[in-house]
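Residue numbers (my numbering), protein chains in the order written: chain A, 2 to 114; chain L, 93 to 204.
Think of the hints as simulated: they come from the structure by calculation, not from any bench.
Please read these numbers as outputs of a predicted model, since none were measured by experiment.
Be aware that one or more of the hints could be misleading.
Distance condition first, Cα-Cα at most 27 Å in a straight line; then the derived DSS-like pairs of lysine-lysine [what the hints assert, rightly or not]:
no.: 1; chain 1: L; residue 1: Lys161; chain 2: L; residue 2: Lys141
no.: 2; chain 1: A; residue 1: Lys79; chain 2: A; residue 2: Lys69
no.: 3; chain 1: A; residue 1: Lys69; chain 2: A; residue 2: Lys25
no.: 4; chain 1: L; residue 1: Lys191; chain 2: A; residue 2: Lys69
no.: 5; chain 1: A; residue 1: Lys79; chain 2: L; residue 2: Lys191
no.: 6; chain 1: L; residue 1: Lys141; chain 2: L; residue 2: Lys191
no.: 7; chain 1: L; residue 1: Lys161; chain 2: L; residue 2: Lys150
no.: 8; chain 1: A; residue 1: Lys25; chain 2: A; residue 2: Lys79
no.: 9; chain 1: L; residue 1: Lys150; chain 2: L; residue 2: Lys191
no.: 10; chain 1: L; residue 1: Lys161; chain 2: L; residue 2: Lys203
no.: 11; chain 1: L; residue 1: Lys161; chain 2: A; residue 2: Lys25
no.: 12; chain 1: A; residue 1: Lys79; chain 2: L; residue 2: Lys141
Examples of chain A residues lying across from chain L (beta carbon under 10 Å, computed) [as the list claims (entries may be wrong)]:
no.: 13; residue: Ala3
no.: 14; residue: Pro9
no.: 15; residue: His30
no.: 16; residue: Phe34
no.: 17; residue: Tyr36
no.: 18; residue: Gly43
no.: 19; residue: Leu46
no.: 20; residue: Asn51
no.: 21; residue: Pro55
no.: 22; residue: Asp57
no.: 23; residue: Phe75
no.: 24; residue: Leu99
no.: 25; residue: Tyr104
no.: 26; residue: Arg110
no.: 27; residue: Val113
Virtual Cβ for every residue (Gly too), placed ideally from N, Cα, C.
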Amino acid sequence: DAGVIQSPRHEVTEMGQEVTLRCKPISGHNSLFWYRQTMMRGLELLIYFNNNVPIDDSGMPEDRFSAKMPNASFSTLKIQPSEPRDSAVYFCASSPALLDEQYFGPGTRLTVT
Amino acid sequence: AQSVTQLDSQVPVFEEAPVELRCNYSSSVSVYLFWYVQYPNQGLQLLLKYLSGSTLVKGINGFEAEFNKSQTSFHLRKPSVHISDTAEYFCAVISTGGKLIFGQGTELSVKP
Numbered sequence: 002d003a004g005v006i007q008s009p010r011h012e013v014t015e016m017g018q019e020v021t022l023r024c025k026p027i028s029g030h031n032s033l034f035w036y037r038q039t040m041m042r043g044l045e046l047l048i049y050f051n052n053n054v055p056i057d058d059s060g061m062p063e064d065r066f067s068a069k070m071p072n073a074s075f076s077t078l079k080i081q082p083s084e085p086r087d088s089a090v091y092f093c094a095s096s097p098a099l100l101d102e103q104y105f106g107p108g109t110r111l112t113v114t
Numbered sequence: 093a094q095s096v097t098q099l100d101s102q103v104p105v106f107e108e109a110p111v112e113l114r115c116n117y118s119s120s121v122s123v124y125l126f127w128y129v130q131y132p133n134q135g136l137q138l139l140l141k142y143l144s145g146s147t148l149v150k151g152i153n154g155f156e157a158e159f160n161k162s163q164t165s166f167h168l169r170k171p172s173v174h175i176s177d178t179a180e181y182f183c184a185v186i187s188t189g190g191k192l193i194f195g196q197g198t199e200l201s202v203k204p
């Protein structure tokens, strides 16, 4: 299995631009999670889905952030408009079920200038 | 609400020495506990997990952890570390809703 796939691995954009991060979970996994990691705040859970349905988006920082999971094999995290403080590494993780271990992707390093 | 506290932000140790990374949790319900490792510029990788059963859990790379309910701890140990163990280590607990709640991380630095 290829594991959780994230794209792009690196993204540099200017403030105000729209950014879309993509994630392909492990086949057969029912839960998908989006995290953000920064030096100041550590690992933060942004949102998670179970069977393609958003369960908890209380970690999404602002309305500028949105996430979708149109099918079991694909999810996006969108930031519009982006700001310098959004610079971070964004991880996607998937798990077979909600109360199970999570498998993390390699992350997308986002830099907003 | 569940929470996780990693008591040491940085642990320097010499190669081949033993190491213990400390983790305490708070939870009023049954706990599922995890240790993850993050190597530089990589995602998190599961080291070991405790769901139920034996309180001594063995993981990958020679690591083990002991679940101690009375002390609400889940400390990670390795009897002899290698340079390649240099990484950040995260303790985590799963909430009843399925959210992984992470500690702030412990940076293990193994020196020759």
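Against the structure, the hints come out as follows:
Between Lys161(L) and Lys141(L), the direct Cα distance comes to roughly 15 Å. Compliance with the 27 Å bound is thereby established for this hinted pair. Under the criterion of a C-alpha separation no larger than 27 Å, the hint pairing Lys79(A) with Lys69(A) is consistent with the structure, at around 9 Å. Of the supplied pair hints, the one linking Lys69(A) and Lys25(A) holds, its CA atoms being roughly 12 Å apart against a limit of 27 Å. Restraint check for Lys191(L) and Lys69(A): satisfied, since their Cα atoms lie roughly 18 Å apart, inside the 27 Å limit.
A threshold of 27 Å between alpha carbons decides the hint, and for Lys79(A) with Lys191(L) the separation of about 21 Å falls inside it, so the pair holds. Pair hint Lys141(L) plus Lys191(L) holds up; C-alpha atoms about 15 Å apart against a cutoff of 27 Å. Simply put, Lys161(L) and Lys150(L) have alpha-carbon atoms about 17 Å apart, close enough for the 27 Å limit, and the pair holds. The straight-line distance between the Cα atoms of Lys25(A) and Lys79(A) is roughly 15 Å, inside the 27 Å bound, and the hint therefore holds.
For the given pair, Lys150(L) sits about 23 Å from Lys191(L) by alpha-carbon distance, which is consistent with the 27 Å threshold. Restraint check for Lys161(L) and Lys203(L): the C-alpha separation of about 33 Å exceeds 27 Å, so the hint is violated. At most 27 Å may separate the alpha-carbon atoms for a hinted pair to count; Lys161(L) and Lys25(A) exceed this at roughly 37 Å. Annotation: proposed proximity of Lys79(A) to Lys141(L) is violated, straight-line Cα distance about 32 Å (limit 27 Å).
For Ala3(A), the suggested interface contact is broken, since its CB lies about 13 Å from the closest CB of chain L, more than 10 Å. For the restraint placing Pro9(A) at the interface with chain L, the shortest Cβ-Cβ distance is roughly 15 Å, beyond the 10 Å limit, so the hint is violated. For His30(A), the interface hint is violated, since its Cβ never comes within 10 Å of a Cβ in chain L; the closest pair sits about 13 Å apart. Annotation: Phe34(A) was flagged as interfacial toward chain L, and the flag holds, the nearest CB pair being 7 Å apart, inside 10 Å.
Against a cut-off of 10 Å between C-beta atoms, the interface hint on Tyr36(A) holds, since the closest Cβ of chain L lies about 9 Å away. Annotation: interface hint on Gly43(A) holds; nearest CB of chain L at approximately 5 Å, less than 10 Å. At a threshold of 10 Å, the smallest CB-CB gap from Leu46(A) to chain L is about 6 Å, leaving the interface hint in force. Interface restraint check for Asn51(A): the shortest CB-CB distance to chain L comes to about 7 Å, inside 10 Å, so the restraint holds.
The criterion of a C-beta within 10 Å of any C-beta in chain L is not met by Pro55(A), whose closest approach is roughly 12 Å, and the hint is violated. Of the supplied interface hints, the one on Asp57(A) holds, with its beta-carbon coming within about 6 Å of a beta-carbon of chain L, less than 10 Å. With 10 Å as the threshold, the beta carbon of Phe75(A) stays out of range of chain L, its nearest partner Cβ sitting at about 18 Å, so the hint is violated. For Leu99(A), the shortest C-beta to C-beta distance to chain L is roughly 3 Å, which falls under 10 Å, so the interface hint holds.
The interface hint given for Tyr104(A) holds, since its Cβ lies 7 Å from the closest Cβ of chain L, which is under the 10 Å cut-off. Checking Arg110(A) against chain L by beta carbon gives a least distance of about 8 Å; that is within 10 Å, so the hint holds. Look at Val113(A): its Cβ only gets to about 19 Å from chain L, farther than 10 Å, so that hint breaks.
Violated hints, listed in ascending order, are 10, 11, 12, 13, 14, 15, 21, 23, 27; each of the other numbered hints is respected by the structure.
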